[in-house]
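**Q** Read off the chains here:
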Amino acid sequence: MKKYLKNFYKYRYLLYEIVRKNIKLQYRDSALGIVWTFLQPLMTTLVLVFIFGNVFGKSNSGVVNYPIYLLCGRLLYEFYSQSTKRAMRSVRNSASVIKKVYVPKYIYPLANVSSTFVTFCISLLVLVCFIAFYVIRGTVNPEYAEMMPHITPYMLLVFVPLIILFLLSIGVGLILSTLDVFFKDIDYLYEVFCLLLFYMTPIVYRIDSLKIDSELFAYVMLANPMYSITEMFRCCVLYGKMFNIHHLEYSLGFAAVMLIIGVIAFYKKQDKFILHI
Amino acid sequence: MSKPAIEIKNMSMLFNLNSEKVDNLKEYFIKLVTHKLHYNEFWALKNINLRVEKGDRVGILGFNGAGKSTMLKVIAGVLKPTEGTVETHGIIAPMIELGAGFDMNYSGKENIFLYGATMGYSRKFIQEKYDEIVEFSELKDFINVPVKNYSSGMKARLGFAIASAVDPEILILDEVLSVGDAKFRKKSEKKIISLFDKGVTVLFVSHNVDQVLNICNKAIILDHGKIIAQGDAKEICDQYVEMTNAGKK
Numbered sequence: 079m080k081k082y083l084k085n086f087y088k089y090r091y092l093l094y095e096i097v098r099k100n101i102k103l104q105y106r107d108s109a110l111g112i113v114w115t116f117l118q119p120l121m122t123t124l125v126l127v128f129i130f131g132n133v134f135g136k137s138n139s140g141v142v143n144y145p146i147y148l149l150c151g152r153l154l155y156e157f158y159s160q161s162t163k164r165a166m167r168s169v170r171n172s173a174s175v176i177k178k179v180y181v182p183k184y185i186y187p188l189a190n191v192s193s194t195f196v197t198f199c200i201s202l203l204v205l206v207c208f209i210a211f212y213v214i215r216g217t218v219n220p221e222y223a224e225m226m227p228h229i230t231p232y233m234l235l236v237f238v239p240l241i242i243l244f245l246l247s248i249g250v251g252l253i254l255s256t257l258d259v260f261f262k263d264i265d266y267l268y269e270v271f272c273l274l275l276f277y278m279t280p281i282v283y284r285i286d287s288l289k290i291d292s293e294l295f296a297y298v299m300l301a302n303p304m305y306s307i308t309e310m311f312r313c314c315v316l317y318g319k320m321f322n323i324h325h326l327e328y329s330l331g332f333a334a335v336m337l338i339i340g341v342i343a344f345y346k347k348q349d350k351f352i353l354h355i
Numbered sequence: 280m281s282k283p284a285i286e287i288k289n290m291s292m293l294f295n296l297n298s299e300k301v302d303n304l305k306e307y308f309i310k311l312v313t314h315k316l317h318y319n320e321f322w323a324l325k326n327i328n329l330r331v332e333k334g335d336r337v338g339i340l341g342f343n344g345a346g347k348s349t350m351l352k353v354i355a356g357v358l359k360p361t362e363g364t365v366e367t368h369g370i371i372a373p374m375i376e377l378g379a380g381f382d383m384n385y386s387g388k389e390n391i392f393l394y395g396a397t398m399g400y401s402r403k404f405i406q407e408k409y410d411e412i413v414e415f416s417e418l419k420d421f422i423n424v425p426v427k428n429y430s431s432g433m434k435a436r437l438g439f440a441i442a443s444a445v446d447p448e449i450l451i452l453d454e455v456l457s458v459g460d461a462k463f464r465k466k467s468e469k470k471i472i473s474l475f476d477k478g479v480t481v482l483f484v485s486h487n488v489d490q491v492l493n494i495c496n497k498a499i500i501l502d503h504g505k506i507i508a509q510g511d512a513k514e515i516c517d518q519y520v521e522m523t524n525a526g527k528k
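Sequence order for the protein chains is A and B.
With my numbering as the guide, the letters of the first sequence map in order to residues 79 to 355.
With my numbering as the guide, the letters of the second sequence map in order to residues 280 to 528.
Do not rely on the hints blindly, as some may be mistaken.
To be verified - Capping the alpha-carbon separation at 20 Å, the derived lysine to any residue pairs in SDA-like fashion look like this:
1) B/Lys-513 to B/Ile-472
2) B/Lys-359 to A/Ile-342
3) B/Lys-359 to A/Phe-260
It should be emphasised that the hints constitute simulated quantities derived from the structure, not laboratory data.
For reference, chain B alone in the conformation it holds in the complex:
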């Protein structure tokens, strides 16, 4: 049997929520002396088990604060799980917040190389993909302008263009398809679907059930840090719509 793209075993993530943020020494000592330094423990994720086969496209549904973004960050390697293990096989392209690695004073062109390097790619490799990235982002006329002068849509476009150009094996999408205008949104959806043919594995977080149905073949529902349902995309989406409607009543 081939290795799964992502395998999560008994993974839990604990956050210490300070009642107030203590970030200087004076406050720390005052609180230490006055015994006010206590943390509220909060399990953002609890005993998550998930196996994603290569080529699967999994939609992650859930209400705000259910732990969706935390889960993506753990899979992307940004957060280290408190308990359990996460194993991934393949090149991950995280699109958690597009343009997060940009330097505002740097031009679009320079940022392409910087962002590429942030994802672990060589200058030479990005050079080969450069034209494709610029063309896809539709920013040819602005490529030598510092990114601080870009609109948020332009930044997102550039971010998406870079992250999708590198032929990822695992694509992590956190509500990124809701940025940009309708035209670009269609274009990026199309681009993602074109990656399916190459057998890319997708994790997709969205509140939009239609988008999930469009992109995913499987889905899970997260609630309060636990997976409460998993299975076929259609079934799970129906269940999620039911949950949403129940909440309204």
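Isolated chain A, as found in the complex:
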């Protein structure tokens, strides 16, 4: 165990350099550069607000502040899907290095989740802007007062769901990157899974607005850890109350299990990677 920690300590610079590289290269050739990290979620959220708030209607009924509600869900979902997809491909994409130089291979999925996490944190600025906008508008014009998000000390707890989500992404990322080395088909299957996850997670709708007949289906909806994490996040920043402790227990447990499976799978298979990439 000590040996592994020592090795990780030695290669911490590599982790840092890859995170740095990913962020730098992602927006290098675009005119607006890093601005896209918050421009993109802003614009896609406006599209979703327009579609689900107006065109399809009713999705926003019963939600205090639909734009913020939607933005919360979307930002978290986007981080999860992006980071796990990048982690999944990271080992195979680094084949040229892994084949020639000794590096601890887990650095690659770890670095990809981390770099996505950094850009995700920058994109949270959009959320701050949204909240500020509605608070100011509500204060100036009492007509809009009911749409005001609640500024409470619970906002400080926002790091709890974020850390759980980060751990969950690392766990899933490790599992996927291991699978991806042996079966490239995972790439396509996972795309479909992410689409399913987007609609199964209450991002554009509220879970209690659904009329679910099948008990099994209702159970699946609640078992989705993204649901627990998103709800906790919304409690902190939108509802201004303490989150349900069961959500915390469940999502933390789920993330821990994924992380353990990921570490074991990766550790057991990593010596075989080089023969397959």
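We have chain A already, so just place chain B on it with the hints.
**A** Same frame as chain A, but now just chain B:
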């Protein structure tokens, strides 16, 4: 007695050669069901025992497919041996393929730090060596250009400059001295020889007997995954030349 730089005990390396590469689920299941999923076992290296003392410079000779590169990769830690153990003491600078760790969209300067980190060095340490690296690679005018626009010679020069700048204790060279123009080749040979004074241990793979004689004091011959001869560089080189000539006849 001091510890040897490299100690290999009963090391063997097994590869499963698939008759065809199976890399998607559909193919895998079809082959599993139709019982076509079989592997051909291939021992790339078999029962290798080798002890390299600190400061020794060992040339590794052998025909194509003898297992030379596999052996270097096992020593560098890239491959894990199927059987046996490999112990190394000291900082290893592998020069198996120069520039393998480069990111093509990154500039030369950024790649120096990335490649340094890939070898486990801190940003601060590379910063200290930065000027030396740039000067040695002769790429001062191109250092902010993305590496994708470099020629293969330029990439190799940069790779060599980084790997040799870090004062390695064990240097692993896989035919790297055959890249670049004659001028740079001389310069890199000189650089390697200058490292000898610091007591560096060298493993050197080459088909060029003259280069081996120039650099190494000891040599081994690998054939079909086994060490068939080892000893003084001069003797072994003569034997290798004989083997090559015998093959021609």
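**Q** Each hint should be assessed against the structure and marked as holding or not.
**A** Hint check:
Taking the CA atoms of B/Lys-513 and B/Ile-472, the gap is about 18 Å. The hint holds against a cut of 20 Å. With a C-alpha separation of about 18 Å, the suggested pairing of B/Lys-359 with A/Ile-342 holds against the 20 Å cut-off. A C-alpha spacing of about 18 Å is found between B/Lys-359 and A/Phe-260, which places the hinted pair at or below 20 Å, so the restraint holds.
No hint from the list above goes unmet by this structure.
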